[in-house]
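K.L.:
Read off the chains here:
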Amino acid sequence: MLKSAKIHKYFLNNKYIVLDVNSGGVHVVDKIVYDILDLYEGKSLSDIVESLNELYDKNSIVDAYNEISNLVEDGLLFSDESDIDFSYNNDNIIKAMCLHVAHDCNLKCSYCFASQGNFKGERSLMSLDIGKKSLEFLVLNSGNRRNLEVDFFGGEPLMNFELVKDLVSYGRQIEKQYNKKFRFTITTNGVLLDDDKINFINENMDNIVLSLDGRKEINDNMRQTINGNGSYDLILPKFKKMVNKRGDKDYYIRGTFTNKNIDFLNDAMDFYNHGFKKISIEPVVTSEDMEYALREEHLDKVLAEYEKFSKEYINIKRKDKDFYFFHFMIDLTQGPCIIKRAVGCGAGSEYIAVTPEGDIYPCHQFVGEKEFLLGNINEGILNTNIRNKFKNSNVYTKEECKNCWAKFYCSGGCHANAYYSHGDVSKPYRLGCEMEKKRIECSISILANLED
Amino acid sequence: MKYIKTLSGKNLKDTAAKGGCGECQTSCQSACKTSCTVGNQKCENKNN
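The listed protein sequences derive, respectively, from chains V and S. Anchor point for the first sequence: position 404 equals 404 in our numbering, and the numbering is continuous, going up by one each time. One gets our numbering by counting positions in the second sequence from 1 and adding 1000 to each.
Hints are not guaranteed to be accurate.
Here are the simulated DSSO-like cross-link-like pairs (lysine-lysine), alpha carbons at most 30 angstroms apart as the crow flies [to be verified]:
#1 S:1002 <-> V:15
#2 S:1042 <-> V:319
#3 S:1042 <-> V:427
#4 V:370 <-> V:398
#5 V:58 <-> S:1018
#6 V:389 <-> S:1018
#7 V:132 <-> V:120
#8 V:308 <-> V:260
#9 V:301 <-> V:437
#10 S:1042 <-> V:398
#11 V:402 <-> V:427
#12 V:370 <-> V:9
#13 V:308 <-> V:15
#14 S:1018 <-> V:311
#15 V:370 <-> V:15
#16 V:427 <-> V:301
#17 V:308 <-> S:1042
#18 S:1002 <-> V:321
#19 S:1002 <-> V:398
#20 V:260 <-> V:181
#21 S:1005 <-> V:402
#22 V:321 <-> S:1042
The hints are simulated quantities; they were obtained by calculation from the structure and are not laboratory data.
The following block holds chain V by itself, in its conformation from the complex:
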């Protein structure tokens, strides 16, 4: 590895920040340290004093140099890459499932990666038999993992809500039998929400993801009903009601931004002003040929918007600690281990998606791509080549990741983003990388400011 890739330093939101790539060390430093770090590995102390003597007095340079040296000795600056005995999921344990209970939808969002709900196939609803077998499959393939995740997904899962209820009940029954704990979640557009569904979901789902795009005009441009009308006025009151009744339980209101709303901070603020505190706004996933796609020409503006958002985020967090933007959340003290950070989401190995017919794909974004069909819940994983391909795509095997400072934060990025941009799950999506790097920089600068 190049020495220069051992640390990453940047200035943002009035903080000089230094990340030690291999140890995960994060430091907020004075400008003098920031400047010495440029010279530290190539020059002696006396040379550094000579180089910086017009900017700083000698004693300060020596003191700052010694502080750096202490961290180097502690392995928290300029640390080398370690030889990790890297074996991942040798037993092919599965612990998370995206359950496509409905390949049908009651909206026709322009950017939908599910092709307006049917994933390029027939419109269909999952049967109780397939649903139960899916939960059994998860339990039986989960080895000694206790926490199992099931996200009810679609299409639109509320279009098959009786099944959702039946499967929650069945899950509660078999988790006792097998000493497991199901964490149920649901991702919904909210069209069919009513009091009964709200109550059931709030009672039974650990987390909910509510799809809406922020400002009314932005939402209604992309998220339209089957009749071609905007969906905002129909959905917003339902989501408000749901979140109000939810209490402390987790939720995210989740929007998508396209090149039509690169000023997505305004959408985040629209959410916030409507009382939503837990927000996720994601870059659209689509072919670059689509008119609304994010392309290289949009990148600078997107990165600037993240920075702008981070400044506003700091202001809001100082008054309201309960405000969260998913991609600005970072846990530097209790974050994941290096193995999790190296392998990422686990798609195709620990995490699978199951269609209404019981077909298994590496994740929800690959559903319908026949070359990624892994198997089915009756026969299990049949295409072990695909599973191995996913298992072996990590930050140590992806060329672009090896020398990247962000690898232990993003974990190699999204396999689907990689595949849809390059036709290869092992080649990260460049725009996605740049956005993720900016989000990490913002997250840490936010933390540094809030620590004051």
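Given chain V, work out where chain S should sit, using these hints.
P.N.:
Then chain S, alone, in the frame of chain V:
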């Protein structure tokens, strides 16, 4: 220290020994469904 404030002094390399238990949340399931951010996930292994 006078010039440096360390926000994270936990060495990732030390987490390799007891890591990889797999009990933590699948990152993509929690909020995004279309990207991958692992750095913001919590470790659920109390031994780590």
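K.L.:
Are the hints correct? Go through all of them and say.
P.N.:
Checked hints:
1. The straight-line distance between the Cα atoms of residue 1002 of chain S and residue 15 of chain V is roughly 15 angstroms, inside the 30 angstroms bound, and the hint therefore holds.
2. This hinted pair checks out: residue 1042 of chain S and residue 319 of chain V have alpha carbons roughly 24 angstroms apart, not beyond 30 angstroms.
3. With a CA separation close to 27 angstroms, the supplied pair residue 1042 of chain S and residue 427 of chain V stays within the 30 angstroms bound.
4. The hinted pair formed by residue 370 of chain V and residue 398 of chain V meets the criterion: a straight-line CA distance of about 24 angstroms does not exceed 30 angstroms.
5. The hinted pair formed by residue 58 of chain V and residue 1018 of chain S fails the criterion: a straight-line CA distance of about 44 angstroms is larger than 30 angstroms.
6. A hinted pair counts as satisfied when its Cα atoms are at most 30 angstroms apart, and residue 389 of chain V with residue 1018 of chain S qualifies at roughly 25 angstroms.
7. In summary, the hint linking residue 132 of chain V to residue 120 of chain V is supported, as the alpha carbons are separated by about 25 angstroms, within the 30 angstroms threshold.
8. The straight-line distance between the Cα atoms of residue 308 of chain V and residue 260 of chain V is roughly 18 angstroms, inside the 30 angstroms bound, and the hint therefore holds.
9. For the given pair, residue 301 of chain V sits about 15 angstroms from residue 437 of chain V by alpha-carbon distance, which is consistent with the 30 angstroms threshold.
10. For the hint linking residue 1042 of chain S to residue 398 of chain V, the alpha-carbon distance of about 24 angstroms falls within 30 angstroms, and the restraint holds.
11. The suggested pairing of residue 402 of chain V with residue 427 of chain V holds, with an alpha-carbon distance near 12 angstroms, which does not exceed 30 angstroms.
12. Taking the CA atoms of residue 370 of chain V and residue 9 of chain V, the gap is about 43 angstroms. The hint is violated against a cut of 30 angstroms.
13. With a CA separation close to 15 angstroms, the supplied pair residue 308 of chain V and residue 15 of chain V stays within the 30 angstroms bound.
14. Between the alpha carbons of residue 1018 of chain S and residue 311 of chain V the distance comes to roughly 37 angstroms, so the proposed pair goes past 30 angstroms and is violated.
15. Our distance criterion of 30 angstroms between C-alpha atoms is broken by residue 370 of chain V and residue 15 of chain V, whose separation comes to about 48 angstroms.
16. About 24 angstroms separates the Cα atoms of residue 427 of chain V and residue 301 of chain V, which keeps this hinted pair within 30 angstroms; it holds.
17. Only pairs whose Cα atoms come within 30 angstroms are accepted, and residue 308 of chain V paired with residue 1042 of chain S is accepted, the gap being roughly 26 angstroms.
18. Annotation: proposed proximity of residue 1002 of chain S to residue 321 of chain V holds, straight-line Cα distance about 29 angstroms (limit 30 angstroms).
19. With a CA separation close to 39 angstroms, the supplied pair residue 1002 of chain S and residue 398 of chain V exceeds the 30 angstroms bound.
20. A distance of roughly 41 angstroms separates the Cα atoms of residue 260 of chain V and residue 181 of chain V; the hinted pair therefore is violated under the 30 angstroms criterion.
21. As the CA atoms of residue 1005 of chain S and residue 402 of chain V are separated by approximately 28 angstroms, the hinted pair is consistent with the 30 angstroms bound.
22. Between residue 321 of chain V and residue 1042 of chain S the alpha-carbon distance is near 18 angstroms, which keeps this suggested pair within the 30 angstroms criterion.
In summary, the numbered hints that this structure violates are 5, 12, 14, 15, 19 and 20.
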